[in-house]
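Asker: What follows is each chain in one-letter form.
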Amino acid sequence: MIKKISQPQRFVIINRLFFLYLMIFLLVGSSINHKKVTIRILNHLRDSARYINQFVEKKAPFDEIIFREAVEYYQTLKVYKPQFPLQNNMLGFLYYQLKDYDKSAIFYKQAITENPDFFGLYYNLGIVYYKTGRWKEAGEMFSQALSVDPQASRDYYNFIGHIKYYDPEDVNRMTGWLKTEFVEVGNGYTKAFEFVVKSYDRLKDYEKVYTLAAKACQDPKIQQKDFLAFMAGKAAYASDKKQQALYWFNQCLRYNAKYREAYDYLGMVLKDLGQSDMAAKFIEIGNTLEKVNKNTEEDLKLFYYPPYFELNVESEASHG
Amino acid sequence: MNHKKSIKILVPILLALAFGLWVYVFRGFLLGQKPLSADGESYLYWGKFYFDNMIKGVYPLWYPFSEWGKSIEYILRFLGDLNPFLVIPFSLYKMGLPYAPVYLAYAAAYYFLGILGFFFLAQKYFKNFCWSLLSTLLLLFSSLGLNVFFNYCEIVLFVPTVWFFYFLYSFCEDFKKENFLGIVFCLMIVSITYIPFYFLATFLTFLFFFSILYTHQLKELSLKFVQFFKSHKALSLVSLVALFLSMVPGLIWVIEGACKEIICTYRQTGTAFAHAGAVGLRPINIGGIVGPITIERLFSGLNLRVNQLSYFFFSVFIYLILLISLWNRTHKRAVLFLSICLVMFLIAITDVVGLHQFLYEHLIIFKFMRNIYYLLSLSLPFLALFMAEAVKDFFDAVPESAQGKFKLSVFVVFVHAGFAGILYHLGGILPTSYITILLSGIFFLFSIWNLKFKSSMLFPMILFILAILQPLEVFFYYSKNTPKSGFQGYSNKHVQIMAFSYRRPKIGETLHQPPNTFPENDGFGSGDGKFLGAIWTKTLRDQVDHAILGEYVQYKFILYDHVETIKDQTIHWNKVSENFQKNTDRAFVSEKITGNLAQLKGDIKPGESPIVIKQNGENFQVLNFDVNSITVRTRFNKPKFLVYNDSYLKQWEAKVNGKPVKLYRANVAFKGVYLPAGEQVVRIQYKPTWLHYFYWFLMAFVALFFIYFLIILLKSLMTPRHD
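Chains D and Z supply the protein sequences, listed in that same order. Residue numbering for the first sequence follows my numbering, starting at 514 and increasing by one per position. Residue numbering for the second sequence follows my numbering, starting at 851 and increasing by one per position.
None of these hints come from the bench; they were simulated from the model. Please read these numbers as outputs of a predicted model, since none were measured by experiment. A couple of the hints might just be wrong.
Where chain D lies over chain Z, by a calculated footprint (3+ residues, C-beta under 8 Å) [what the hints assert, rightly or not]: (1) 1129 to 1142; (2) 1179 to 1190.
Computed cross-link-like contacts, DSSO-like style, restricted to lysine-lysine with a CA-CA straight-line distance of at most 27 Å [to be verified]: (3) Lys1451/Z to Lys1417/Z; (4) Lys1110/Z to Lys1417/Z; (5) Lys571/D to Lys1330/Z; (6) Lys612/D to Lys1110/Z; (7) Lys1451/Z to Lys1356/Z; (8) Lys594/D to Lys548/D; (9) Lys704/D to Lys622/D; (10) Lys571/D to Lys549/D; (11) Lys1330/Z to Lys906/Z; (12) Lys1330/Z to Lys572/D; (13) Lys1512/Z to Lys1488/Z; (14) Lys884/Z to Lys572/D.
By construction, the Cβ of each residue, glycine as well, lies at the ideal position given by its N, Cα and C atoms.
If we strip away everything but chain D, and leave its shape as in the complex, we get (with noise of 0.2 Å):
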């Protein structure tokens, strides 16, 4: 009896398991309702994208594997919802921290061209650049970034204040990155001239760096000059324009009277000038000083966040 079983039996029509195949990819295809697949993905990988969260407010260290799930998150969420502006956003910062530049500044190209307003998205952008010796690019960037209508960025985050909807439960959060983020706007600012001028100065583009540094030391939203007066004053060196170099190293010294490498540079333009007395000084001065420590590396660790958001995928799986 089972022998026969154990014979195999021929079909007349369907005589090709590639056929049998088709039927089943038809059948499972047909089938399937695809907005529940993409909910049910979400929701699996949402403690992912929770992490992330915990990862930027310095919570938690970095997972590979989770960022990994963050990207899927992102990505899944972007075909859920392509109205939504953050993911590439947030997809551009999490390739960052995986390392993969190159998908980081496309995910930051495609978050730009969708919000060309948004300060952040060129300073992410610059620092994606400026990380992988891109300097050109990250100067443009940069500069972009700082000419963006400030008014603008700020609109953005009242837009997605707007869409914190989606996620009822969490809005408190929302309410309160919103405001940090506005403090930070300010500081970034800064950073933004201290990284175009650096950019520049990498592409010993002296005549750049002077005009942006100089430029910025102007600002009254700059409130941190010392260094980029510094940069003026250093790109003025190497224009060998010694007494604009001697003016912005003697601001530079206004703005911080401890900027150890001003000394080093005054004492060398004086020298230059010919008062090796006047230079020793300095010289010695400095000396008794320690470097500023300008450590562009933490500064390549500070992003402007796309804020955490989550949609609520389990209620509208519950009504879908």
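For this one, chain D is given, so just place chain Z on it according to the hints.
Answerer: Same frame as chain D, now just chain Z:
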């Protein structure tokens, strides 16, 4: 030595090597150096609780250390508590070996037993060692094995299921007694596992498609079954009784669950079906495989996956087989296997298609199955058989002409290159996936042009590599990715005592209990989202302020001088709360007060207060305690009402001085007994004594049945065959 004999020796060696590699790659878990998943740890914990009680001669039915006491028969079914194989780890543990390694070694060995059963099934089916080996390796290194550490109850289901199909197949071949006993024994084991409905759903699906595809043969088989029953009446009757007995624990659970006394909040979300084990559609949908599994996740980022792998994972080789088999001829067996897998898959993806909802609404067994993806796990053996057969069919259909071979070779190259290209496009692919593709391409091409290769010793070796290479790397990462930080290994290696404590911790308090005792919690820990326990316990928790309740419930024995009836429908929660807060000398009884208890009705006199027992004393001593019962001696000069702050269920009973007395539901959720004046010995026990004995009897009965079956089987194996 001829070729067949060589293969016969080589294949078991390869199989043993595969088991060895499996153990090696998961050694971190098996040695207790890696933490199990949360569910995996839960099985480990309950297994220890079970063993520690059994060592003391107590079959545990009640868990007094959490939720102020709850029934746990249902939880022990996860382990297959009456399974005779548990004697092995139990004995080793009793001999003094540390618990966790014993448990884990047993769990892995039990999985191997299932895999061995599958190998025998495949061997019966293919009658060829190579194809049996291939299908077995595919299954061994699939997601199924991860459940040893992730969701052990799937293994508990898988092993008897696969052996059931082995004996069923064998029985259909020869209608021998030993195979019939094998079927019955497997069904008994399935019946005493957690929700045998998963097995039932799998078997019914198999039967459904088998009856469609093999209508004529099914008729013949049915007639032969009837003939067998007629010619083996005594055996059939005994088997029927055995089957019925093994179903008794399940039936008890079904009956008790319908009494609306037990609640499992998470499972029951959204279900109108009144049963403690019933599950709402929403929790089922959340547990579907879509989410953890996507098409991309089958191939990409496998070095980053952890528990998602346990939903579905097979070697990358099966996808190549699927592609290679495109031109294979279809036959009924392929349709049968694929149909079973397809149906299981469609059910497991829950609300993404409508099949599960339809079954949920029309078949009662689906109302009890929450982790619906178990069905997918149970369909994996069918998938493994299909895959091996697809390779076999491919080689069987290799044309003899050079032109035909050339065309087939082009097809093979195209399929492999195309698949590699797709994987490359996806990104995040493990190197072994590409190596497997390359090796598979060479293997198929070489075999097409050299058909004798199939008969060489190298053939099973190559199949071996193709089947396990990529899974080995995936499992290596699975092990590596399992977080280790902070994990110190599993403590409580040896027997812990079920000690009684007059006090349980208040909310958030940690009581310093001796390390060799089972810890007790404040009863609030599980949260409302996943509460499993007595419904009145849950109600009380919901209605009374936790701070007040936590203070009240910290002491387990309170003696009152007065009682008052409260009706369940009209409980004044403020009054109950005030009673707890002010420690008023009045207990609430949830039924009409009659008989002797009526003496305790009446007003509270000034200065009266209840006696809270904090330790053994002259008037109150705990004489005996185990998880199912407690015996106390009391000596008071006037009648009292004793409240034991441990959850009440109707199945609890009380005796005073050996005589059964009424056990009341007191203070909404707890147990209360009337105590006459003078010395009394009170025993409160969960479920009648005969039932405790019945479980012991059932355990012995299943073991004896197994021994009998083994004797018959061995006799048969030793009898020379004439065919």
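Asker: Confirm or reject each hint.
Answerer: Cross-check of the supplied hints:
no. : hint                   : verdict
1   : 1129 to 1142           : holds (count 7)
2   : 1179 to 1190           : holds (count 8)
3   : Lys1451/Z to Lys1417/Z : 16 Å, holds
4   : Lys1110/Z to Lys1417/Z : 17 Å, holds
5   : Lys571/D to Lys1330/Z  : 25 Å, holds
6   : Lys612/D to Lys1110/Z  : 56 Å, violated
7   : Lys1451/Z to Lys1356/Z : 31 Å, violated
8   : Lys594/D to Lys548/D   : 11 Å, holds
9   : Lys704/D to Lys622/D   : 20 Å, holds
10  : Lys571/D to Lys549/D   : 33 Å, violated
11  : Lys1330/Z to Lys906/Z  : 39 Å, violated
12  : Lys1330/Z to Lys572/D  : 24 Å, holds
13  : Lys1512/Z to Lys1488/Z : 19 Å, holds
14  : Lys884/Z to Lys572/D   : 25 Å, holds
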